[in-house]
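A.B. asks: Read off the chains here:
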Amino acid sequence: DQQVKQNSPSLSVQEGRISILNCDYTNSMFDYFLWYKKYPAEGPTFLISISSIKDKNEDGRFTVFLNKSAKHLSLHIVPSQPGDSAVYFCAVGGSEKLVFGKGTKLTVNP
Amino acid sequence: NAGVTQTPKFQVLKTGQSMTLQCAQDMNHEYMSWYRQDPGMGLRLIHYSVGAGITDQGEVPNGYNVSRSTTEDFPLRLLSAAPSQTSVYFCASSYFRGYIGNEQFFGPGTRLTVL
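Chains as they are written, first to last, in our numbering: chain A, 231 to 340; chain B, 3 to 117.
By construction, these hints were calculated from the structure, which means they are not laboratory data. Among these hints, one or two may not hold up.
To be verified - To be clear about the criterion: a stretch of chain B counts as covered by chain A if any three or more of its residues have a C-beta under 8 Å from a C-beta of chain A, and this derived list gives those stretches:
no.	stretch
1	39-53
2	106-116
Said to hold, decoys possible - So the derived label-pair ranges between C-beta atoms look like this:
no.	chain 1	residue 1	chain 2	residue 2	range
3	B	88	A	313	36 to 44 Å
4	A	313	B	5	38 to 46 Å
5	B	65	A	275	25 to 33 Å
6	A	256	B	16	35 to 43 Å
7	A	300	B	14	19 to 27 Å
8	B	65	A	302	30 to 38 Å
Quick reminder that beta carbons are idealized off the backbone N, C-alpha and C, glycines included.
Same shape as in the complex, but just chain A (with noise of 0.2 Å):
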C-alpha cells in the first residue's frame, strides 16, 4: 500500500503561469514533507521542506503548502520558467526513514 501518493503522472504548464504539485500521505506519524525535484540523467536535488509545526513555507518562486488534517501536501511554483521542467517528488519522513511518491513529471511550456 502506497504510503504516499502523487496521483498525477505529468503536468503540463505555460511559463510565466502558476504550476501546482500535489501529494497525499497516509501516516499521520509523519513530521517533515520534503519536495525534490529530478533532472534526466542526474540525482534528485533538495527544493524545498516544512515541519509538521508550519503549514506553509515559502523560498522564492517555490512555496510548500501543508494541511495536516487532510495530509496533503502541495508545491506552487510561480511564476513557472521553462528550466522548470523536471520531474518532482515529494517526500515525508519520520526518524529514520524518508518515503517518496512515485514522481510528477512537469513540463514547462514557452
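Chain A is already provided as a structure; the job is to place chain B on it using the hints.
C.D. replies: Same frame as chain A, but now just chain B:
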C-alpha cells in the same frame, strides 16, 4: 567538496554475478542511504545507516547487503545479481540529529543492467 560520489556510472552484469556499488561523501554526514529508482515506482529505500557501524533495512532490502565501516563510505553489495535488480541506484547522505528531516544530498546514480 566533491559531495556524494558514486562509482561506477554504468554496469552490466550477468545473472548470478556479484558486484559492489561504491558510495562516498566528504561532508561528514552521519546518515547515508541507498535508493533504487524504477520506471513509475519513484525512489525506494534499500538500506540506510545513521552512523559508522550501524545499518538497517529499508523498504526493499532483499538481495542487497551493506556495511558502514567509516563515516565516508557506504558500499552496496549485490551478492547474486538478478534481472529484477536492473535499476538506477542512488546513494544519498545528510546530517542526522536523531531524525531525518534535513535535506539529503544525492549522488549522480549508477545505472545497472542485469542480463
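A.B. asks: Look at each hint and say if it fits the structure.
C.D. replies: Status of the hints after comparison with the structure:
1. Interface restraint, the stretch 39-53 of chain B with chain A: holds (8 residues with C-beta to C-beta distance below 8 Å; minimum three).
2. Remark: the stretch 106-116 of chain B is confirmed as covered by chain A, as 6 of its residues place a Cβ nearer than 8 Å to a Cβ of that chain, reaching the required three.
3. The hinted window of 36 to 44 Å between residue 88 of chain B and residue 313 of chain A is violated, with their beta carbons roughly 31 Å apart.
4. Here the CB-CB span from residue 313 of chain A to residue 5 of chain B is close to 21 Å, at odds with the stated 38 to 46 Å.
5. In this structure, residue 65 of chain B and residue 275 of chain A meet the distance hint of 25 to 33 Å, their C-beta atoms being roughly 28 Å apart.
6. A hinted range of 35 to 43 Å holds for the C-beta pair residue 256 of chain A and residue 16 of chain B, which are about 40 Å apart.
7. The supplied range of 19 to 27 Å is broken by residue 300 of chain A and residue 14 of chain B, whose beta-carbon atoms lie about 45 Å from each other.
8. At about 35 Å, the beta-carbon gap between residue 65 of chain B and residue 302 of chain A stays in the expected band of 30 to 38 Å.
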